[in-house]
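*Asks:* Sequence:
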Amino acid sequence: IESTLNLNNISNFEISSRIKSLYSTYLTMKKKGKNTVKDRVGVRIICSKLEDCYMILGLLHSRYQYLADEFNDYISSPKANGYRSLQTTVLWKNDVTVEIQIRTFEMHDFDEFGPASHIAYKQGSNKGYEWVKDLVKWQKNDKNVSNYRINVLDKFVYVFTPKGDTLQLPIGSTAIDFAYRVHTDIGDHCTGAMINNKMNKINTELKTGDLVEILTSKKINVSREWLRFVKTSWAREHIRKITKI
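Position one of the sequence shown corresponds to residue 1 (full-length UniProt numbering), numbered consecutively onward.
No false leads were slipped in.
Mimicking DMTMM-like on lysine to aspartate or glutamate, the simulated pairs with C-alpha atoms at most 20 Å apart in a straight line are:
{"id": "1", "residue 1": "K155", "residue 2": "E205"}
{"id": "2", "residue 1": "K231", "residue 2": "E213"}
{"id": "3", "residue 1": "K79", "residue 2": "E99"}
{"id": "4", "residue 1": "K244", "residue 2": "D185"}
{"id": "5", "residue 1": "K163", "residue 2": "E106"}
{"id": "6", "residue 1": "K163", "residue 2": "D185"}
{"id": "7", "residue 1": "K231", "residue 2": "D188"}
Just so you know, these hints were derived from the structure itself, not from any lab.
Computed from a predicted model, the values in this text were never measured in an experiment.
Produce the entire structure from the sequences given, and follow the hints as far as they go.
*Replies:* What follows is the structure in structure tokens.
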């Protein structure tokens, strides 16, 4: 595959592969039948440009016999969770089926690290979420991490403003807590929140990696009901002050 891409002037790409464990294969066969295991061998190709994804797909389909029923274009039609990739299955030597996944580096980072990754690509830098990626990698890779790690991700969430700034909030914090953390005026005039480009209620709990934009109106909208779900002391104190509780 690497030589094929090089010969066709595809630059700046990475190729990785994995072989599904026997036990995992057994479980799949037990659940779906022995003829349903098409991903015993997997290959992932990550490239720089969107157009390269489709060019690579065409090169592979012209070189190898592929299973039409196993092809999915999750780039033009992403999954509900935002996952984007081209997925195809080809026949290798001795009729071995190989599942191939093709995506850009941006798509790969989104799949690995969530919506926070979009900020870096929008800004053209890694500022704001690179350290979150490192923490996630560290926790994933260290088998004994639960025995001695600093529970930083168990106590706080790390979310992002539209400008790419990182805010630390206690676990359980809502969009209202975020709004008051940015500025008290924003909290007072908050009417809703766009979280990862989707409209959400102001009492929505935030997760690490969320991209949050607060929607406001001209009038003050503070309600005593907010005290039922806000988490942070600064939000609670200001709400009490405004509502004179």
